[in-house]
Amino acid sequence: MMAARHLIIGAGTAGLNCIRTIREEDGGASEITLVAAERPYSRMVLPYYLDRSIAESHVFTATAATLATWKVKTHIGRKAASLNPQANALTLDDGTTLEYDDCLIATGSRAVKAPVPGADSPGVHSFWTLDQARAVIAGIAPGSHVVMVGAGFIAFTILNSILSLGARLTIVEIAPRILPRMVDDKGAALVEAWLKKHGVKILTGVALAKIGDARGKRRLQFKKGGDLLADLVIMATGIKPNLEWLQGSGIRINQGILVDDHLRSSVPNVYAAGDVAEGKDGVTGAPAVHAIEPTAMEHGRVIGANMAGRDVAYRGSLNMNIVEVCGLDIASFGAWDASGAEAFTALRPERSAYRMLCWTGDRLTGAIIIGQAGDVWTTNDVGMLKGLVQTGVRLGAWKEHLRRNPFDVKPAFIASRTTATLLPQTVLGRSSRAPELPTTVTR
Amino acid sequence: MKVLKIVPEKCTGCLRCELACSYVQTGAFQPAKSVIRVSPYEGHTSYAPYTCTQCAEGWCMTACPVGAITITPAGAKDVVDDRCVGCKLCTIACPYGTIFYDHDTRKAFKCDLCGGAPACAEACPTAAIVYAEAETRDWLADFAVERSARLLAIGGR
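From first to last, the protein sequence lines stand for chains X and S.
Start counting the first sequence at 1; every next residue gets the next number (our numbering).
Start counting the second sequence at 1; every next residue gets the next number (our numbering).
Honestly, the hints are just simulated from the structure, not real lab data.
Below, in silico cross-link-like pairs of lysine-lysine (DSSO-like), each with a Cα-Cα straight-line distance of 27 Å or less: (1) X:LYS410 x S:LYS2; (2) X:LYS186 x X:LYS197; (3) X:LYS197 x S:LYS107.
Have a look at the derived ranges for each label pair, beta carbon to beta carbon: (4) X:LYS201 x S:THR12: 50 to 60 Å; (5) S:ALA153 x X:ARG363: 17 to 27 Å; (6) X:GLN425 x S:ASP142: 18 to 28 Å; (7) S:THR136 x X:GLY285: 26 to 36 Å; (8) X:THR66 x S:GLY116: 27 to 37 Å; (9) S:ALA132 x X:ALA81: 55 to 65 Å.
Covered stretches of chain S (in silico footprint by chain X; criterion: 3 or more residues with CB under 8 Å from a CB of chain X, positions within the stretch not fixed): (10) 59-65; (11) 85-93; (12) 100-113; (13) 141-149.
Remember, it's a predicted structure, so these values are computed and weren't measured experimentally.
Glycine is no exception: its CB is placed at the ideal position from the N, C-alpha and C atoms.
Taking the hints into account, I'd like the entire structure generated from these sequences.
Here's what the structure looks like:
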């Protein structure tokens, strides 16, 4: 029997894509209830709100009116407190109990600060939620000295915004190099040199010991080396999935909630998506928490279709990221960090361009591409590298060609019939719909 | 649906499609901003244009975190400039490499079939690009396999 009452916990990318897909499939026939700690907005676009290139209203992904039109009952501003899968019931932090036929856990993750004294003092921020973005905006003025603790992807998404606000920027990273989980050592060295050339100070291999007050400024003290004074400190020191509330629920959790190829948890009518889900990696086949926007989106859509009664298996997610800093594009795909894998690398310092191609036999299973954002040479190949990793087409003799010419991706892509492999591929086994409200929803 | 049918054997490499595309899309003749791109084969003895297939999945469209990519009446996936923030997620989501980021406007851009009258097809003097009712398919692979055999054999460019 088809489930009639869907409960969606979390209004981020996964939750909203799930709701949209249910409505695409069922036209409004089922009951949907949404529980969300915050009004729905996109974290992806907060960096553009930070630099004022968009208004705050632009960040919201579904207004109250949209949700009403989609016939979604909402509990906004409420958190899930406990789940009882035996009773098919969720209890909220205000004591309300909601019953469901099937349920999606998409509670996302939160920013965590480095555990040092002073990390919670005023002037020391995370940049993850809309409220945190507002606080950072209020704290940066032209000429401010901003110290970014952490040099990972999240930190890098806001470097341009901080610089465009006229602030001076210093990045401190405990690892010996920047972007440790997004690019390899050679790529990181190129990016570091580029940023230094653009006036960003970078200190790697430094361990923060304490943050104190120095007459209204923040004083950062390190285990070794001199202090830094900052007007504002941003801690981009990692994220953690919001899973604690599931303790005692019996849902199986490893790094995230373990899900099968239909994104079902160990309890079949409880699904999990996005940052809290540990699902199949499409390249390695192994379970992984990707905690990236595209994975949350695909998880949400597949679950929405399955909740609406379809039978959609998920092929697995592709780990990937792109970020631009000071006009330099940095992107990576798949298992570029697989230990012991065969890899070709090529550096063209005069163009600040770098490629790393990682292989399993004659299939591309990982790639890194770095190059100037205005350089057609870079932008042409970003998507094709994704296509090669996503399809895993056999490149045959083109592998040797790419060893000699790692920048000549296009003929390899085309002659390996990657387009023909891709054309029938869809996530839901049908064409995707435009993002506008499905017209079939009964108002 | 009408699609851009590519007949690579007819392409002479004149690049008129790139000029026409960039002129209609941006108001200036700047092939670097064309969304149809001609590539050489066989050591520049033959050429073929490549552009968006308007694929069924619409990887760019589903990836957009703010719903800035939609489907036009002509059936093209198109970027709504007012909504696009320039996050580039679409450029890594598209596995065909046919959506781009404009460093000047700070927006993504792609083939929108010129609203149903594609400038590239109109500009092509040899009918290597035809806007016709057809099923989208891989127009270039057979041609590329044949025209790159020698390149692969000698291991050059």
